[in-house]
Amino acid sequence: MPWLDSGDAQALLLTVKLAAVTTAILITLCLPLVWLLVCRDPRGRGLIQALVMLPLVLPPTVLGYYLLVAFSPVHPPGSLLARLFDRQLAFSFTGILIGSLIYSLPFAFRPLEAALQQNGPHLDEAGRVLGFPGWYRFLFIVIPGIRPALVSAALLCFAHTLGEFGVVLMIGGNIPGETRLLSVALFEHVEQMNYQSANRLALTMMVIAVVTVLVSQWSGRHDRF
Amino acid sequence: MIDFDVQLTSPLCLRARVRAWSGWLGLLGRSGVGKSTLLRALAGLNPDAGGLRLNGRTVTPALLARRVSLVSQTPALIDHWTVARHLRRVACQHRTTGLAGDLVHYLGINELHALHPPRLSGGQRRRVALALALLRRPRLLLLDEPFSALDGDSRRLLYPGLQALTRRLDCDVVLVAHQIDDIARLCDQVAILEPGGVSYCGALLPGLRQYQGEASPCSVLQGTALSSEAGDGLLPVAFGERTLWVRTPRLPTAGRPVRLLVHADDVALSADKLDGVSLMNQLPARITALTVQASGVLVECLCQKQSIQARITARSQARLGLREGSRVVLLFKASAVSLLTA
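Protein sequences appear in the order of chains A and B.
Under this note's numbering, the residue at position 74 of the first sequence is numbered 74, and the numbers go up by one with no gaps.
Under this note's numbering, the residue at position 156 of the second sequence is numbered 156, and the numbers go up by one with no gaps.
Only chain B is shown next, with the shape it has when bound in the complex (with noise of 0.2 Å):
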C-alpha cells in the first residue's frame, strides 16, 4: 500500500494526501507545481515538512530518510568517492552486499567501478544512483524522471528489470516522468498534482484522460501478444476478437499481456470499412460521448468493451453526422500506436 499524507508551507504551499495500492504509482502534474519538491519532503530532505504520514503512522523526516531511497533529476552523489566505493558503503551500511552484484550487473555498471562522479555523465549517473537506491532496501522508492537523461533504447531495457526488481524487493515506487509513455507503460495507478494538492489519485486510464484533457488526450489499451513470423516489424496484438497491428522493433513472446498507447489525433472515423487502404487497424465501434473543445470534437468509442478516444474537427462530425450511440469504424496506421510493454 502506498499511502502517503505531506504538508508543505515551504518553499511553496502544498498538502499532498496519496493512498494507492502497492507497486508503481505515477505523480502527474505540470511544470512548477511542486512534484520535485513533494518527493523531497518524502525523502526526509525537508526538515519543514509537517504534518509527515506514512502507510498511517506519523513520521519525522528522519525515519522517512531511512525508509524512503530519492533518486532525483540530478542525483547526489560523493564527488571523492569512486562508484566502488559507493556501492561498497552503501551495501554494508545497509547490509545488503550480497544484492550489489545483481543491480550492477543489471544497470549495466561494471565498467564505472574505478570513475568518480564528476567523469559520469548524465545517464550513467543517474544508474548509479538507481543501484544505490535500491541497495538500501527502501520501502518506497521515489523517482524524479530517471530516465530524461537515457535514450528511448536504453530506457525500454531498463524497464522489465526494473520492475522486476522492485517486485523482488517489496518495494513500492512513486515515478514523476515527463515522458506520459513512460508512466503508461509502467504503473497501474496515477496521483495528479495541482496548485496545493492532488487533484486525482487512482487508476491509469481515467487519470491520464484527466491529465491530459484538452491537449493531448490518448487511450492505453490492454491486448495480447500474438506471434509475428512475417519479419516486417509490425506485431499482431489479440485485442478483444480482433487484431490490432502494432509497428514495433521488439516482438515480444506470444501470449505475453501487452499495453498499448494511441493518441486521439491518430485515430480518423468513418462511417463504413474502407476496402483498398493501407491502414492496418479498422476497428468497429460505438460512439458513447461527444465532447466538444477549443480545438475539436473529443470522441469516446467502445470497441471491444475498451475505450478509445478520437479527436476530429466539427466540420467532420457534422459531415458523418455522428451522435451518441452511432456505429462508426476507428482507423489507425500501426505506427500510430505506441507498444508500452517492453
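Excised from the complex, chain A in its bound form (with noise of 0.2 Å):
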C-alpha cells in the first residue's frame, strides 16, 4: 500500500507546486521592490511597510473573506481579475496562487527588507568605487551579498505557504486537483475520522517543514567566509 492514497499524493503535488510558484513569484517581486524602498526611501515608505505586514495580523478567514468578494463576478474587481486571467478566480488555482502572495508576502519581504538594509548599501557602495553600473551592482554584488537571507526568505515563504489553510479554503474550497491542497485534504480526514490518513499527511508535514529548517540552517552555516 502507498504512503500516500492517490488522493493524497495529488494534493501534496498541488501543494508544493502552489508553494513553488508562490515563492517564486514573490522572491522575483520583492527584491526589486524592497530594493527600490531601501534605496530611494519614498515619502510612503511606512504605509506601503504596514501594508505589507497585513497578513501577519489579519485572521487568515478574514483575508480569505475579503478576498472572494473581490473574486465575485459581480463586483468590479472581480470582473476586471475574471477578464484579465480570462477565467473566474474563486475556487480556482489562480485565486488561491493570488491569495497566497498576499498572504506569504510578509515572509518574503521581511527577511529580504532587514537583510538588505543592513548590508545592501556597503555592497552597492562596494560596487560603486570599483565603478560597477547600477544593474550590474544590484544583479551580480547586492543579491549575492544577501543570499543567507535570499535563501532563509524563500524556505519560509515555501513553507508557509505548504501549511497555509484559512485563506484556500475561503477562496478555494475543496476541489481535487484544482484547489484540494495538504492542509485541506488533512483537515477532512479529521472530520471523516480517518486518522490513519490524518497522520500520514500529518507526518509529511512535518517532514517537510524539518527538511526546510535544516536547509536553511545548512545554507546559513556555508555562507560564511
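If you're looking for bench data, these hints aren't it; they were derived computationally from the structure.
Idealized CB from N, CA, C, for every residue including glycine.
Each hint should be verified, as a subset may be incorrect.
[Unchecked claim] If you want the ones that stay clear, here's a sample from chain B, every Cβ over 10 Å from chain A, calculated:
no.	residue
1	197
2	257
3	275
4	314
[Claimed, not checked] Coverage of chain A stretches by chain B, computed from C-beta distances (three or more under 8 Å per stretch; other residues unrestricted):
no.	segment
5	116 to 130
6	160 to 173
Join the two chains, each given in its own frame, into one complex according to the hints.
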C-alpha cells in the first residue's frame, strides 16, 4: 500500500506546485521592490510596510473572505480580474495563488528588507567605488551578498505556503486537483475520522518542515567566509 | 590639471574650489573639517552634492563615479568575492586586463588571490583597494589616508612605485594623509581645507607653513644625494655649496634629487661656528624674519637660497641679540633630518 493514496498524493503535488510558484513570484517581485524602498526611502514607505505586514495580523479567514468578495464577478474588481486572467478566480488554482501571494508576502518581504537594509548600501557602495553600473551592482553584487537572507526568505515563504489553510479554504474550497491542498485534505481526513491518512499527511508535512529548517541552517553556515 | 568645485550642504556645509597643476595634491585639514566628506563627494558617492564641476565642466555624481577612483580609510570591498575575482571583474569591466599583473606584482598582493576581504588585514585591504582603484584607470585618484595602516618601511617601499604608476597611467592624485611627512614626500602642492571651504591652494612649502602654523613648524629642503661609502648610515646631501648630513637606513643613488624635512624645534642657532661638537650640520644663514609666538620665537633663515625655520625661546633671542639681517649658524643633528624622497 503506498504511503499516500492517489488523492493525497495529488494534494501534495498541488501544494508543492503552489508553494514553489508563490515563492518564485514573491522573491522576484520583492527583491527590486524592497531595494527601491531601501535606496530611495520614499515618503510612503511606512504605509507600504504597514500594508505588507497586514496579512501577519489579519485572521486568514478575514483575508480569505475579502478576497472571495473581490473575486466575485458581480463586483468590479472580480469582473476585471476575471477578464484579465480569462477565468473565474474563486475556487481556482489562480485564485488560491493570488491569495497565497498576499498571505505569504510578509514572509518574503521582511527578511529581504532586513538584509538589504543592513548590507545593501555597503555592497552597493563597494560596487560603485569599483565602477560597476547600477544593474550590475544589484544583480551580481547586492543579491549574491544577501544570499543567506534570500534562501531564508524563500524557504520561509515556501514552508508557510505549504501550511496555508484559512485563506485557501475560503477562496479555493476543496476541489481535487485544483484547490485541494495538503492542509485541506488533512482537515477533511480528520472530519471523516480517517486518522491513519491524517497521520500520514501530518507526518509528511512535518518532514517537509524539518527538511526546510535544516536546509535553511545549512545554507546559513555555508555562507560564512 | 586638477580642477574641481564641490558644494555640499549635507552632512556638512562646504564649498571647495581647487585648481592645481597635474600631479599629486596634498589635502590638509584638521580632524572633522570634511576632508573625507569632500573626497566622497568628488568620487560621486554623495547624491546630495551640488555644483559639481570637474576640469571646468559641470558633472553629475554618476559621471564622477566613472572617472574618479577613491581609496577610503576603510575601503569597501565585496565580502563574497575573492581578491582574484575583484581584480578579474574590475579589469574586465574597465578593459585593463594587461595592467592587473603589474599592479598585483607592485603592490605585493599575489598571495592574497584566494582570500575573501573579511580575512584581509587592514594593510592588505588597502593595498587591494589601491590596486582596484588604479585598475579602473581613473583620471583622478583620491587617496584618503591610504597608508595609515602600513608601517613606515612598507609605506616608503610603496611610494616610488606608486608615483611611477600614476605617471604611467596619466592620473592626478589628491592625497589626504595624517602624516605630514607623507604629504611632503609625495606632493608638490597642497590645498588646506578649513571649516566651510579651501583657504589655501598652491605650492607645498608655503602651504605646509600655513598649515603647521604654531603647532609644529617645519622646513622642506631640496638637495642632491652624494655617494656614501662609509656605511655608517649617514648620507651626504649637496645643499647649494654646502653639504648636509642625513641619518637614513636607505641610501638613494648618488646624483638623485632628494627632499628633506627638518622640524623647527630641532634647529638651534649659534652666533659662530662651533668646534669640538658631535653635531654634523652647521650651516651659515641670515635671518629674514622673526615671529613671536606663544610657544617661542620662530626664526626664518635664508641658507643657500632656501628657507629654514628654527624655533627658539625669547630668552635665547635676547641673549644672542638676534634681529632681522643677523648672521647665524644653524645647528642640527643628522638624525633630525628626515629623508622624504624614497
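**Prompt:** Taking the closest pair, is the beta carbon of residue 197 of chain B still more than 10 Å from chain A?
**Reply:** holds, 26 Å
**Asked** Does the no-contact call for residue 257 of chain B survive, Cβ to all of chain A over 10 Å?
**Response** holds, 35 Å
| Checking C-beta pairs, does the segment 116 to 130 of chain A have three or more residues closer than 8 Å to chain B? | holds (count 8)
### Message
Between the segment 160 to 173 of chain A and chain B, are there enough contacts, at least three residues with CB-CB distance under 8 Å, for the coverage claim to hold?
### Response
Our answer is that it is violated, as 0 residues pass the Cβ test (under 8 Å) against chain B, missing three.
query = Looking at residue 275 of chain B again, its CB stays over 10 Å from all of chain A?
reply = Non-interface label on residue 275 of chain B holds, nearest chain A Cβ at 60 Å vs cutoff 10 Å.
Original post:
Should the label of residue 314 of chain B as a non-interface residue stand, given a Cβ cut-off of 10 Å to chain A?
Top reply: Consistent with the label, residue 314 of chain B stays out of reach of chain A, its closest Cβ about 52 Å off (over 10 Å).
When held up to the earlier numbered hints, the structure conflicts with hint 6 and nothing else.
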